[in-house]
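Engineer: The sequence shown: position 62 = 62 (my numbering), numbered continuously.
Hints are supplied without guarantee of correctness; some may be wrong.
No farther apart than 27 Å at their CA atoms in a straight line, the calculated lysine-lysine pairs in the DSSO-like style are these [stated by the list, open to error]: (1) Lys18 - Lys3; (2) Lys19 - Lys56; (3) Lys19 - Lys3; (4) Lys3 - Lys56.
I should point out that these hints are in silico values taken from the structure, not numbers from a laboratory. Please read all numbers here as calculations on a predicted model, not as lab measurements.
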Amino acid sequence: MAKTYYTIQGDMWDGIAKKLYDDESGVNALLEVNQQYADIVVFPAGIILDVPDYEKPTPTSLLPPWRR
Numbered sequence: 001m002a003k004t005y006y007t008i009q010g011d012m013w014d015g016i017a018k019k020l021y022d023d024e025s026g027v028n029a030l031l032e033v034n035q036q037y038a039d040i041v042v043f044p045a046g047i048i049l050d051v052p053d054y055e056k057p058t059p060t061s062l063l064p065p066w067r068r
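Working from the sequences, and respecting the hints, build out all of it.
Structural biologist: Here is the structure:
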């Protein structure tokens, strides 16, 4: 079953990602499945967002291959 998030007044993409994934880098995953709301910067209350699974990148995956 898909997860959802109900926005509260003043929510922003990075704050929602931080709440859901404990990491702001999940913003792109949220935007990808909620493209119809991509133009909203500050949300009103009551918007229902789909929440995809997201795996936080590990620090080593961010390094170039020669530094791993």
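Engineer: Against this structure, judge whether each hint is valid.
Structural biologist: Here's how the hints hold up against the structure:
1. Lys18 - Lys3: holds, 16 Å
2. Lys19 - Lys56: Holds - the C-alpha atoms of Lys56 and Lys19 are around 13 Å apart, at most 27 Å.
3. Lys19 - Lys3: Within the cut-off at roughly 14 Å; holds.
4. Lys3 - Lys56: Within the cut-off at roughly 17 Å; holds.
Hint compliance for this structure: every hint is met.
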